[in-house]
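2 protein chains.
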Amino acid sequence: MDQPATKSRVNLSGLPAPAVRAEIRSGRWQGPTAGLAPGFAQANLVIVPQKAAYDFLLFCHRNPKPCPLLDVTDPGDARPRRAAPHADVRTDVPKYRVFRHGQPAEEIRQINALWRDDLVAFLLGCSFTFEAAMVRAGLPIRHIEEGRNVPMYRTTTSCRPAGMFRGPMVVSMRPIPQADVPRVVQVTARYPLAHGAPVHIGDPSAIGITDLARPDYGEAVTLRPGEVPVFWACGVTPQAAVQETRPELMITHAPGHMFITDLRDEDLAIW
Amino acid sequence: MDQPATKSRVNLSGLPAPAVRAEIRSGRWQGPTAGLAPGFAQANLVIVPQKAAYDFLLFCHRNPKPCPLLDVTDPGDARPRRAAPHADVRTDVPKYRVFRHGQPAEEIRQINALWRDDLVAFLLGCSFTFEAAMVRAGLPIRHIEEGRNVPMYRTTTSCRPAGMFRGPMVVSMRPIPQADVPRVVQVTARYPLAHGAPVHIGDPSAIGITDLARPDYGEAVTLRPGEVPVFWACGVTPQAAVQETRPELMITHAPGHMFITDLRDEDLAIW
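Residue numbers (my numbering), protein chains in the order written: chain A, 89 to 359; chain B, 89 to 359.
Simulated from the structure, these hints should not be mistaken for laboratory data. The model shown is predicted, which means the values in this text are computed figures rather than measured ones. Treat the hints with caution; some may be incorrect.
Pairs count within a copy or across copies, as identical chains cannot be separated in the list.
To be verified - Simulated crosslink set (SDA-like; lysine to any residue; CA at most 20 Å straight-line):
{"id": "1", "residue 1": "K153", "residue 2": "R169"}
{"id": "2", "residue 1": "K139", "residue 2": "D206"}
{"id": "3", "residue 1": "K139", "residue 2": "P163"}
{"id": "4", "residue 1": "K153", "residue 2": "G290"}
{"id": "5", "residue 1": "K183", "residue 2": "L337"}
{"id": "6", "residue 1": "K139", "residue 2": "G164"}
{"id": "7", "residue 1": "K153", "residue 2": "R242"}
{"id": "8", "residue 1": "K183", "residue 2": "P106"}
{"id": "9", "residue 1": "K183", "residue 2": "Q198"}
{"id": "10", "residue 1": "K183", "residue 2": "R204"}
{"id": "11", "residue 1": "K183", "residue 2": "S114"}
Bound-form chain A, shown alone (with noise of 0.2 Å):
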């Protein structure tokens, strides 16, 4: 109480994950995520009427590199009980975006107005993850590097459709060091719960992408000589998908702006 509240945002460096979701909840912490709860998992949210669950549920479980299942709440019920169970999926993400009929419709700081009986919370592991474990490994992050948003593209592959559910798979793309490419491979299969292996290296045409420079979210990056671009699956794959299924109502999280769980990255490894 000494200390007056500043313009100037909180300092949440080193916070636990709890304490950083009390700050989000609070409203005092209203940003991106990226680098909070270092060592913590963050989450990929989606939330869906009951209705459309079973076969969201089943898109998750046949696109396991783009939508890695970390948990699902039990209708109404607003606790992740595996992956945060005293945390509140309503409030404790620091910007929401809403679907309606699969069209944007507005982005919110909490949700609880929303909130019904029949909303079911999925979350999904996040590139954080991997990329955590390549600053460890030493590989170079690009996008981190230029202070800009990881670039992303839908590509031609077609996610395998479940009931309502279909669309593009969504991929990231991070330019690595020809002689890293076996590495970053390595480095981040460990985490298929947070996308796993590249789904794709080298050539961008083959999966449909026409333009590095023009992403369809995120920010393009430099690709230097000598680099080779990889691509992951990404999280993003359910926002496009929802543009083609078009359900009542899906709430997500605004990009960058994550659910941090309690499950530590290393949760996440296979080995």
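Use these hints to put chain B onto chain A, whose structure you have.
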């Protein structure tokens, strides 16, 4: 046609999965499937009405060690489009077990007469996949040496419930020489879609098993001096859950009479 059918079983050795399934479908092979179609992944089969399918799908997601999902059919569709697109789950298992309201009702050779437009089939990975890897690694498999069914036990470890489904985890046990225990963890951990690494090593009482000589399913095997009992999550777990859950109808394979997929054992490996 030159060789008249005899009472002895047909010789299927070395045939690939589709040919073995054709023999099963025709009724020429009605026995257990252990050792058939080497290199192809065999699967546990669980069929439930669509009304129970969401709960069972979520049960599998929440309990991936006993219930590693390989494929889920669309309601009324008897073809597992991913695991064996030309197969038919109604005819391609040598023996089925039918549960009504949680009670085993009958064992039958095919289920065409029971098929309905609302039935959903789940294929779950099976220990045969990691046992083949153990053989390749030179590790002993006692129940095969002794010509018995693997011993299986209900434990005091509860599965994470999902809707109507709840129940104890069932485990299989294999005696492993003390010096080989780390190796058997490594070898089986490669196959998370076939139950993966053991869930418990050593003291049976720690997971509620009072007498190794009296398994709940299968047959007891010899535990020799210097050997450690090693326990893996088991695909019989859904059959234990059904007794607590009592869905109107559930159809499974009969023990040891598995569904043979077109997937390779290596498709179930993580690295």
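Do the hints match the structure? See the list:
1. For the homomeric pair K153 and R169, the shortest alpha-carbon distance between copies (18 Å) is at most 20 Å, but the shortest distance inside one copy (23 Å) is not.
2. Within a single copy, K139 and D206 get their C-alpha atoms as close as 8 Å, and across copies as close as 16 Å, so both meet the 20 Å cut-off.
3. In the homo-oligomer, the alpha carbons of K139 and P163 lie at most 20 Å apart both inside one protomer (10 Å) and across protomers (16 Å), since each shortest distance falls under that limit.
4. Only within a single protomer do K153 and G290 lie at most 20 Å apart by alpha-carbon distance; the minimum there is 18 Å, versus 35 Å between protomers.
5. Proximity of K183 and L337 under a CA criterion of 20 Å is satisfied intra-copy only: 17 Å inside one chain copy versus 44 Å between copies.
6. Proximity of K139 to G164 under the C-alpha cut-off of 20 Å is found in both arrangements, the shortest distances being 13 Å within a copy and 19 Å between copies.
7. In this assembly of identical chains, K153 and R242 lie within 20 Å of each other by CA distance solely inside one copy; the values are 15 Å within and 33 Å between copies.
8. Taking the shortest alpha-carbon separations for K183 and P106, only the intra-copy value of 17 Å comes in at or below 20 Å, while the best inter-copy value is 51 Å.
9. Taking the shortest Cα distances, K183 and Q198 sit within 20 Å of each other inside one copy (7 Å), while across copies they are farther apart (53 Å).
10. Proximity of K183 and R204 under a CA criterion of 20 Å is satisfied intra-copy only: 19 Å inside one chain copy versus 45 Å between copies.
11. For a Cα distance limit of 20 Å, the shortest separation of K183 from S114 inside one copy, 13 Å, qualifies, whereas the shortest one across copies, 58 Å, does not.
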